[in-house]
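J.: If you want the building blocks of each chain, they are given just below.
There are 6 protein chains.
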Amino acid sequence: MTRPSGRSPEQLRAVRITRNFTRHAEGSVLVEFGDTQVLCTASVEESLPPFLRGKGQGWVTAEYGMLPRSTHTRMAREAAKGKQSGRTQEIQRLIGRSLRAVVDLKALGERQITVDCDVIQADGGTRTASITGACVAVHDALAGLVAAGKLPASPLRDWVAAISVGIYKGVPVLDLDYPEDSDCETDMNVVMTGSGGFVEVQGTAEGTPFARAELDCLLGLAADGIARLVQLQKDAVAPR
Amino acid sequence: MTRPSGRSPEQLRAVRITRNFTRHAEGSVLVEFGDTQVLCTASVEESLPPFLRGKGQGWVTAEYGMLPRSTHTRMAREAAKGKQSGRTQEIQRLIGRSLRAVVDLKALGERQITVDCDVIQADGGTRTASITGACVAVHDALAGLVAAGKLPASPLRDWVAAISVGIYKGVPVLDLDYPEDSDCETDMNVVMTGSGGFVEVQGTAEGTPFARAELDCLLGLAADGIARLVQLQKDAVAPR
Amino acid sequence: MTRPSGRSPEQLRAVRITRNFTRHAEGSVLVEFGDTQVLCTASVEESLPPFLRGKGQGWVTAEYGMLPRSTHTRMAREAAKGKQSGRTQEIQRLIGRSLRAVVDLKALGERQITVDCDVIQADGGTRTASITGACVAVHDALAGLVAAGKLPASPLRDWVAAISVGIYKGVPVLDLDYPEDSDCETDMNVVMTGSGGFVEVQGTAEGTPFARAELDCLLGLAADGIARLVQLQKDAVAPR
Amino acid sequence: MTRPSGRSPEQLRAVRITRNFTRHAEGSVLVEFGDTQVLCTASVEESLPPFLRGKGQGWVTAEYGMLPRSTHTRMAREAAKGKQSGRTQEIQRLIGRSLRAVVDLKALGERQITVDCDVIQADGGTRTASITGACVAVHDALAGLVAAGKLPASPLRDWVAAISVGIYKGVPVLDLDYPEDSDCETDMNVVMTGSGGFVEVQGTAEGTPFARAELDCLLGLAADGIARLVQLQKDAVAPR
Amino acid sequence: MTRPSGRSPEQLRAVRITRNFTRHAEGSVLVEFGDTQVLCTASVEESLPPFLRGKGQGWVTAEYGMLPRSTHTRMAREAAKGKQSGRTQEIQRLIGRSLRAVVDLKALGERQITVDCDVIQADGGTRTASITGACVAVHDALAGLVAAGKLPASPLRDWVAAISVGIYKGVPVLDLDYPEDSDCETDMNVVMTGSGGFVEVQGTAEGTPFARAELDCLLGLAADGIARLVQLQKDAVAPR
Amino acid sequence: MTRPSGRSPEQLRAVRITRNFTRHAEGSVLVEFGDTQVLCTASVEESLPPFLRGKGQGWVTAEYGMLPRSTHTRMAREAAKGKQSGRTQEIQRLIGRSLRAVVDLKALGERQITVDCDVIQADGGTRTASITGACVAVHDALAGLVAAGKLPASPLRDWVAAISVGIYKGVPVLDLDYPEDSDCETDMNVVMTGSGGFVEVQGTAEGTPFARAELDCLLGLAADGIARLVQLQKDAVAPR
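For the record, the sequence lines run as chains A, B, C, D, E and F.
If you're matching positions, the first sequence starts at 1 in the working numbering and goes up one per residue.
If you're matching positions, the second sequence starts at 1 in the working numbering and goes up one per residue.
If you're matching positions, the third sequence starts at 1 in the working numbering and goes up one per residue.
If you're matching positions, the fourth sequence starts at 1 in the working numbering and goes up one per residue.
If you're matching positions, the fifth sequence starts at 1 in the working numbering and goes up one per residue.
If you're matching positions, the sixth sequence starts at 1 in the working numbering and goes up one per residue.
Calculated from the structure, these hints are not laboratory results.
Misleading hints may appear alongside valid ones.
Identical copies carry no separate label here, and so any pair may be met within one copy or between two of them.
Pairs of lysine-lysine, BS3-like flavour, derived with a Cα cap of 30 angstroms [to be verified]:
id: 1; residue 1: Lys81; residue 2: Lys55
id: 2; residue 1: Lys150; residue 2: Lys106
id: 3; residue 1: Lys106; residue 2: Lys234
id: 4; residue 1: Lys169; residue 2: Lys55
id: 5; residue 1: Lys106; residue 2: Lys169
id: 6; residue 1: Lys150; residue 2: Lys55
id: 7; residue 1: Lys55; residue 2: Lys106
id: 8; residue 1: Lys81; residue 2: Lys106
id: 9; residue 1: Lys234; residue 2: Lys150
I would like the entire structure built from these sequences, with the hints used as guidance.
T.: What follows is the structure in structure tokens.
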């Protein structure tokens, strides 16, 4: 088997994390997994929506969107259609849960961090890139709160990153791009922390169901890939 | 550890599958997992929506809803709010994918089967009960097409059923009810076929991330539980 | 003339009122008029929506829905369409007005009772079955408030029930089922109290207009039928 | 008892029917019941919406709206809120049914007449004024089709008009204005044809239920009032 | 060139301003520019929406609508479609800005004036007629506040009126009616105050772009027309 | 007077036009006016929506959006709110009209070009940057159709560009940035072609109305600025 991109099965695409990509957001990261480009911004609000107030903790939430022509053929704009698709809602709920797994909400205080993940260009793996980039944007927003003296220490307890794995032409592969994603038998998105704990595992058999052995193999691939992504997150925020 | 219901960790709730629960639908099943009750109807339409036509195959789709007072406190009616929640959309997409995994869409011909899963009473596990009951409703609807001479044989290739597993007070348990679901550390929904293949695995760490060993244990519990559910499906349709 | 069901013109269908049908609601009644089955739940909230507060009285409101396959052919789900039809709104307004006619809102205090009438199976007369069943559900919810010491006595001043009457093949008949309803010249829904007062009269000529004599005859039929329904309500709540 | 307006119980308000009020519509009538003013236009379209085609008949439908400041205090604009209220939908369904009762839809051919009833000023009885004015607008639109040689004769089989009756301070009165409507015990809208047949009867007890004798009395009042309205319709279209 | 109406290029249509057209609104003006008829009502509310409170000033806002059959062929009702078109929103924003340019919001106090401009009959120039009529309605509403002792003096600082100009068959003309509007090369709406200041200039080349000299000529025509409109506004409110 | 940015009154911000910014669109341009960054993509569809078919011409339309954190404080996402604001609709209608002014729709054939202008970062002037960048994206999409042999020559008849002008602290200035825009008395957006014709002129007095002399001065400033922008467009597409 040869992957369309020529990568080896356990090879990530070129991953780039560019901080401070735009100026207004408290955290702003452009994350690239090959040709997939997602702008992740973290916005800090010093208050909570009414239904979250008074619980002695903060909140982290996420929204996700795709620019209409981020895709091969133009997708209808969700704002014009007047509603977000089920897929969009599913992804933004996943991003939010993943980030909350590594933020100490009590330590955050009665603040809300809203992460926006907007896909500039799509080539598969937009949700895993979003989680990986969003975590760095949240890191930066929290660092800003510490720098401003609003928090004694960052409530970020660990890193969180995500990768897709799947069985493509019978072979388990890491980090599917669009041609692989459209043509694979099993597709799994895995979200893990820097210390190796699982936050989310979402596997779907597109065609024939998959066996336990395949699942085990995919989880191993994912764990390796995420360890490399976390290292890239750390490198991105390291002082130069 | 004692489960609130007094069940042992690997024990299912009492599962009941009542066929022909209502009269109009081609398949109509009331499925009960303990106090969780879901009415699953399968409706056959002899045509497809425009965007699915002309591909030489049929389609199976699902919708999900909760009666406003199926829950402990009344939930707002989605029809009155004018939109379905992200959770609703996520669940109905999951049910549809699970059913399509065991229906031969080509053999179905240019027909659509719409499954409606409406929760009459909720006590945890509504999505897994829905999938388990919906498969029987689809079985009956397809059997009706065969009986009517519209299909030579049923396009149902296998059974599909689903169960939740989770880590409750440190112990892996099967088939979480509402008190367990509200208070567990890790929650996983697993969908498998009668022949033991995985269709969907969706695990979420509610609090602390979970380890690979825990994941392995949960998958084993789920596989055992689903084997028992599939037997109950087979019993339900067996001639008496 | 023979009615499709073989009933005599002044004969009700078999009416069944099953209390405590589900567990979470303060009042939960499955009402059956022949093959028409409606689940009526009454939910008590200890507060009012903002625009009803501070008037020294409570409120009773109703919502109505049909499961998509309660009908002969599948109806689109209103939650998925994003709006409730004019018919749905008309019916839920009618149910709410009917119930408020027999509840002493001042005695209820600043509470709201929301009644949900969800049609499980439809065979004509869903709105009249809804009113008849909802009154029992409200009875039970109010009895619960008395039992809990929150009210000194039930604010239910009288029973309220409803029935349809119509002119089918030239003959005035009581309690139309779906085949009659689809094929009758005049259709009237009548809501009355246990003491014989009219709460609502809604008559519509489907084809040729109807004469005063016909109207008089229909009102008489309805009054007789409702007296029998009220007796069934009383029987349903009587101690055994 | 004295009515706020000083009218006798069986007295209509001053009713005015002004034809050709605006220029573009095929029928355009301003109808006034005292201070209630409704502009009723009838628009002819030479085709039907898809779901009505091919049945060998036409259709008459109605829409209803209130200008935001037709009322004592400003009402929110339904177009800005993004949906029509239940009340609006109930009224426009009533207007449509009433008009269809007197139009021979087969004779109309595959055309649609859409009637718009827009309330310019409201002082009670907007739905009854709408029906009464709309019938004249439909008359004029159909006369136009005859004059243009598109129809051999008008498909209008009879007149239809509507009036409200109610029990105000214990006395049955005809044609309630806003002060009476806000303060009456029973409110009934009656729609009848020129030949005295009932098309719709919609009675509601606002407070205490009403007795059969009261209902009989109200129906008699309404029949008298409608006979006078039909005469005014005939006068309005009579050649001068 | 001859204008379809036979007017000279710099001639306005017959303009009529009828005050107190309906009874409930604090200001109610029917404005007619030839066959274009717009009902403009100004409603005073003694409070502001939450996001405008506490700034020590009031607000003037506008909404715009067209009756479905104000136009040559029936337009779909925006309330039924569930949203206002882009054109509607553009016009109501323009009307609101124009009125705010001449009202001293600080002097108005924490009140809101909502102007509704509803087109009864359309023949081109509905937005300019709306602004011109709305200013008189606002004048009357403010005069009412002064008369009621709620304001020491009217916060209306100047008059504001609007007119369209365009190049029709190569000739700059004033106050386009519908046949001209549908067939002109350049269309400009100009809003000016009584003292001759520009509030809004919105020019659009429908076909070929326009030259600076044409723009200059159109602005001159507009200024002349608006001076005449302002005189008509003053006449309309002058004591008789 | 000193402008906040230190620019002279007639000085544009640094303008950059980057072609082929993303890969999937037929034309993809990142346009920067200082810190304002807009991604403009042009998508070609080889068919038209139903209401535009059969007229022997094509269509150019535009949609506009802002990423939620393109602004100083986060704006609610329009897709989540379920509708586009009046401002959004106004801007996208303006962009569409401006582009259609320079495209020969007949020569385009029965194709639609949809331009998406998505604001990545906002600092004033997003609509003028959008028009200026969109024209280059359309140029590239049309050039692609010529290169593919689908059109004999590009239907782009001229360039079109846009700039804002305003009176800031009493001085007419070109190309307002956000601090100027928030604090200026008069704000005008001007759209012109490469040959110097006006396509749109939209001037608004934010505070006191503006005089004819000011308007004249602003139009001159704008014409100079647009001439420079058109040169930058030509440079951007020139072979290197």
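J.: Is it within, between, both, or neither for Lys234 and Lys150, if the alpha carbons may be no more than 30 angstroms apart?
T.: within (23 angstroms within a copy, 50 angstroms between copies)
J.: Which holds for Lys150 with Lys55 at a C-alpha limit of 30 angstroms: within a copy, between copies, both or neither?
T.: both (19 angstroms within a copy, 29 angstroms between copies)
J.: Up to 30 angstroms between alpha-carbons, please classify Lys106 paired with Lys169: within, between, both or neither.
T.: Classified as between; 22 angstroms across copies, 46 angstroms inside a copy.
J.: Given identical chains, is Lys81 near Lys106, meaning Cα to Cα at most 30 angstroms, within a copy, between copies, both, or neither?
T.: between (38 angstroms within a copy, 29 angstroms between copies)
J.: Go through the copies and call it for Lys150 and Lys106: within, between, both or neither, with a Cα cutoff of 30 angstroms.
T.: Close inside one copy (14 angstroms), not across copies (37 angstroms); limit 30 angstroms.
J.: At most 30 angstroms between alpha carbons: which applies to Lys106 and Lys234, within, between, both or neither?
T.: within (24 angstroms within a copy, 49 angstroms between copies)
J.: Can you tell me if Lys169 and Lys55 fall within 30 angstroms by alpha carbon in one copy, between copies, both or neither?
T.: between (50 angstroms within a copy, 23 angstroms between copies)
J.: At most 30 angstroms between alpha carbons: which applies to Lys81 and Lys55, within, between, both or neither?
T.: The answer is between: 26 angstroms across copies meets 30 angstroms, while 36 angstroms in one copy does not.
J.: For Lys55 vs Lys106, is the C-alpha pair at or below 30 angstroms within one copy, between two copies, both, or neither?
T.: within (9 angstroms within a copy, 35 angstroms between copies)
When the structure is compared with the earlier hints, no violation turns up for any of them.
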